[in-house]
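Each chain, letter by letter, is given below.
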Amino acid sequence: MEEIKVDKVMDLKGLPCPMPVVKVSKGIKEVQVGQVIEAITTDPGALADFPAWARTSGNEILKTDQGDGVIKIYIKRDK
Amino acid sequence: MDTQTREDLLKLFQSKLNQAMRLYLETCSRCGTCTEACHVYASTGQVKHIAAYRHEIVRRIYKKYFKGQGKLASALGEPKELTELALEELYEAAYSCTGCRRCMVYCPHGIDTQMLMSIAKLLLVGANEEPEILSMLADSSIEKGKSLDLFKEGFLTAIKNLESQVVEKWQVEAGQNPIPMDQEGADLLYVALAGAHSIIPAAAIFNAAGENWTLSFFEAVNFGAFVGDPSRTKLILDRIINEAVRLKVKEVCICECGTAFRVMKQLSGKQPFKVSSITEVHARYLREGRIRLDKEKFKDPVTYHDPCQIARNAGVIDEPRYILQNLTHDFREMTDDVRYNWCCGGGGGLVALGEDTLDFRMKSAKVKVDQVQKTGAKILATACENCHTQLSNLNDHYQMGMNVQFLSSMIAEALVQ
Ligand code: SF4
Ligand code: SF4
Numbered sequence: 001m002e003e004i005k006v007d008k009v010m011d012l013k014g015l016p017c018p019m020p021v022v023k024v025s026k027g028i029k030e031v032q033v034g035q036v037i038e039a040i041t042t043d044p045g046a047l048a049d050f051p052a053w054a055r056t057s058g059n060e061i062l063k064t065d066q067g068d069g070v071i072k073i074y075i076k077r078d079k
Numbered sequence: 001m002d003t004q005t006r007e008d009l010l011k012l013f014q015s016k017l018n019q020a021m022r023l024y025l026e027t028c029s030r031c032g033t034c035t036e037a038c039h040v041y042a043s044t045g046q047v048k049h050i051a052a053y054r055h056e057i058v059r060r061i062y063k064k065y066f067k068g069q070g071k072l073a074s075a076l077g078e079p080k081e082l083t084e085l086a087l088e089e090l091y092e093a094a095y096s097c098t099g100c101r102r103c104m105v106y107c108p109h110g111i112d113t114q115m116l117m118s119i120a121k122l123l124l125v126g127a128n129e130e131p132e133i134l135s136m137l138a139d140s141s142i143e144k145g146k147s148l149d150l151f152k153e154g155f156l157t158a159i160k161n162l163e164s165q166v167v168e169k170w171q172v173e174a175g176q177n178p179i180p181m182d183q184e185g186a187d188l189l190y191v192a193l194a195g196a197h198s199i200i201p202a203a204a205i206f207n208a209a210g211e212n213w214t215l216s217f218f219e220a221v222n223f224g225a226f227v228g229d230p231s232r233t234k235l236i237l238d239r240i241i242n243e244a245v246r247l248k249v250k251e252v253c254i255c256e257c258g259t260a261f262r263v264m265k266q267l268s269g270k271q272p273f274k275v276s277s278i279t280e281v282h283a284r285y286l287r288e289g290r291i292r293l294d295k296e297k298f299k300d301p302v303t304y305h306d307p308c309q310i311a312r313n314a315g316v317i318d319e320p321r322y323i324l325q326n327l328t329h330d331f332r333e334m335t336d337d338v339r340y341n342w343c344c345g346g347g348g349g350l351v352a353l354g355e356d357t358l359d360f361r362m363k364s365a366k367v368k369v370d371q372v373q374k375t376g377a378k379i380l381a382t383a384c385e386n387c388h389t390q391l392s393n394l395n396d397h398y399q400m401g402m403n404v405q406f407l408s409s410m411i412a413e414a415l416v417q
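Just so you know, the sequences run in chain order R and S.
Numbering of the first sequence is given in this note's numbering, commencing with residue 1 and proceeding in unit increments.
Numbering of the second sequence is given in this note's numbering, commencing with residue 1 and proceeding in unit increments.
By construction, these hints were calculated from the structure, which means they are not laboratory data.
Since the model is a prediction, treat every value here as computed from it, not as a measurement.
Here a beta-carbon is modelled for each residue, glycine too, at the ideal position from N, C-alpha and C.
Among these hints, one or two may not hold up.
Said to hold, decoys possible - Only pairs whose alpha carbons sit at most 25 Å apart, straight line, appear in this in silico SDA-like list of lysine to any residue:
no.	chain 1	residue 1	chain 2	residue 2
1	R	Lys72	S	Asp359
2	R	Lys29	S	Asp359
3	R	Lys63	S	Glu163
4	S	Lys160	R	Ile40
5	R	Lys5	S	Asn18
6	R	Lys13	S	Leu235
7	R	Lys23	S	Thr157
8	S	Lys297	S	Thr375
9	R	Lys79	S	Glu132
10	R	Lys26	S	Lys297
11	R	Lys13	S	Leu353
12	S	Lys152	R	Ile40
13	R	Lys13	S	Val47
14	R	Lys23	S	Thr375
15	S	Lys152	S	Glu129
16	R	Lys23	S	Lys152
17	R	Lys63	S	Thr375
18	S	Lys248	S	Leu235
19	S	Lys366	R	Lys63
20	S	Lys363	S	Val47
21	R	Lys23	R	Asp7
22	S	Lys160	R	Tyr74
23	R	Lys29	S	Gly354
24	R	Lys79	S	Asp356
25	R	Lys23	S	Gly354
26	R	Lys72	S	Thr157
27	R	Lys26	S	Lys160
28	R	Lys79	S	Ile142
29	S	Lys152	R	Gly67
30	R	Lys13	S	Ile379
31	R	Lys72	S	Lys297
32	S	Lys152	R	Met19
33	R	Lys23	S	Leu162
Unchecked claim - Label-pair ranges, simulated between beta-carbon atoms:
no.	chain 1	residue 1	chain 2	residue 2	range
34	S	Gln4	R	Lys79	47 to 57 Å
35	R	Gly69	S	Asp336	20 to 30 Å
36	S	Asp396	R	Lys8	45 to 55 Å
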């Protein structure tokens, strides 16, 4: 898979509910359409919450990486 | 506001008018007993934060459109037209009220401010004037219910990655799954939140107690309830009910989340399972001798903040105290009577609104800070994610120097193998 160009990194590790989704939904408005956010979290629930949020907000999850207890989710702003 | 919008909003208002609501709308005698009861008023001294002042806006709209001629009409204040300005006032009233219901305990008529504010919140949803964040979170939760298959695999992997941390807290037998999921025939379905801190300690305690349990795919919190939208509240609730029914569990145990517990307990209707808070389940394990705790683990004095939605509004009061008697030699009550405990100031969706409400949350909860500090305790335990966040924010803001803890994390730390 082609390397993903990241435009903004957001460290969301250890945040209480529902701050990871809240912060990403604000963060996405700070990048241009077509740009990508790399969200770093330790919440297993993010693996479900982020795709659901992306579907309702019209954005796209490009890839998720899991390892060492850290989860990286790459989100493209689509609109 | 155009006529059609107003008509639509009044239909929503009408949909809330059951017998109890009419009683709340028609019986306020303006005695003023609730004035000092609200932590917001007690902390800020602003008249607009008195409970009766909050409902007066709803009440006057009620008088204008639903109760023009009745014999009690004169007691309802001046009729108020439903306008854009009225919506702004409803927003101000509803989103500065945490729904803690402390005022209700003081009111001689038992008027429920939280219920009256639910009319305000529903009108705001109808007018698309509700906080966007809360609606977004509610919609995401509903979407998750619809597309479980899409995220199932990633979520299962993430849960698998937590297993070693669970085993660190409590060793399981060879071949035993430290975090079981999707187990049909399990006795208990545990509904957590997204964060690992809501899963790891809980899993260790279930394993220590030898519970036949399974972890839910869904998060417990109900943002439909925070935003005051009954149809979205139900859709979010139904995801968990359907999962519990599918897995044929006997008990649904809700994590440390006050709203999640109250909504599941009071709105899920008659079901083939019982609903418990995790605090009740932990107290039960202790009573039955299924877990043992090391009372020397936490040496500092401990106080406990009763989450309004778990204690005052859902009756879980003795259980945390029983746990604390088994967990510490130095437990200090904040109040003589839990029903009158101050709210932490973070409920009703205010914590979920994050930094947007931070300044208000800090100013409006000064009485809580004073109450906590009077105990002289060093550890501030609670059993709700919302309260924990708000108390941590207060701890930082007022430099209280407390160690804010989840009760369940303390139990997991003190487990005796
Ligand atoms: S429910 Fe709580 S926050 Fe709301 S008015 Fe009553 S005391 Fe104040
Ligand atoms: S205590 Fe009850 S009756 Fe008295 S002013 Fe407050 S809401 Fe009205």
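For each hint, the structure was consulted:
1. R:Lys72 <-> S:Asp359: violated, 31 Å
2. R:Lys29 <-> S:Asp359: holds, 23 Å
3. R:Lys63 <-> S:Glu163: holds, 23 Å
4. S:Lys160 <-> R:Ile40: holds, 18 Å
5. R:Lys5 <-> S:Asn18: violated, 56 Å
6. R:Lys13 <-> S:Leu235: violated, 29 Å
7. R:Lys23 <-> S:Thr157: holds, 24 Å
8. S:Lys297 <-> S:Thr375: Since the Cα atoms of Lys297 (chain S) and Thr375 (chain S) sit roughly 20 Å apart, the hinted pair holds (cutoff 25 Å).
9. R:Lys79 <-> S:Glu132: This hinted pair holds, its Cα atoms lying about 17 Å apart.
10. R:Lys26 <-> S:Lys297: violated, 41 Å
11. R:Lys13 <-> S:Leu353: holds, 19 Å
12. S:Lys152 <-> R:Ile40: It holds: about 20 Å lies between the C-alpha atoms, which stays within 25 Å.
13. R:Lys13 <-> S:Val47: violated, 40 Å
14. R:Lys23 <-> S:Thr375: violated, 35 Å
15. S:Lys152 <-> S:Glu129: violated, 34 Å
16. R:Lys23 <-> S:Lys152: Holds - the C-alpha atoms of Lys152 (chain S) and Lys23 (chain R) are around 23 Å apart, at most 25 Å.
17. R:Lys63 <-> S:Thr375: Outside the cut-off at roughly 49 Å; violated.
18. S:Lys248 <-> S:Leu235: Holds, at roughly 20 Å.
19. S:Lys366 <-> R:Lys63: violated, 44 Å
20. S:Lys363 <-> S:Val47: holds, 15 Å
21. R:Lys23 <-> R:Asp7: With a Cα-Cα distance of about 16 Å, the restraint between Lys23 (chain R) and Asp7 (chain R) holds, given a limit of 25 Å.
22. S:Lys160 <-> R:Tyr74: Given that 25 Å is the threshold and the Cα spacing comes to 21 Å, the pair holds.
23. R:Lys29 <-> S:Gly354: holds, 17 Å
24. R:Lys79 <-> S:Asp356: At roughly 24 Å apart (the allowed maximum being 25 Å), Asp356 (chain S) and Lys79 (chain R) satisfy the hint.
25. R:Lys23 <-> S:Gly354: The hint holds at about 9 Å.
26. R:Lys72 <-> S:Thr157: holds, 13 Å
27. R:Lys26 <-> S:Lys160: violated, 30 Å
28. R:Lys79 <-> S:Ile142: With Cα atoms ~21 Å apart, Lys79 (chain R) and Ile142 (chain S) stay inside 25 Å; holds.
29. S:Lys152 <-> R:Gly67: holds, 17 Å
30. R:Lys13 <-> S:Ile379: With Cα atoms ~24 Å apart, Lys13 (chain R) and Ile379 (chain S) stay inside 25 Å; holds.
31. R:Lys72 <-> S:Lys297: Measuring from Cα to Cα gives roughly 35 Å; hence the hint is violated.
32. S:Lys152 <-> R:Met19: Given pair Lys152 (chain S), Met19 (chain R) holds - Cα atoms ~22 Å apart, limit 25 Å.
33. R:Lys23 <-> S:Leu162: Holds - the C-alpha atoms of Leu162 (chain S) and Lys23 (chain R) are around 24 Å apart, at most 25 Å.
34. S:Gln4 <-> R:Lys79: 47 to 57 Å: violated, 29 Å
35. R:Gly69 <-> S:Asp336: 20 to 30 Å: Given about 44 Å between the Cβ atoms, the range is violated.
36. S:Asp396 <-> R:Lys8: 45 to 55 Å: violated, 26 Å
Going through the hint list in order, the structure does not satisfy hints 1, 5, 6, 10, 13, 14, 15, 17, 19, 27, 31, 34, 35, 36.
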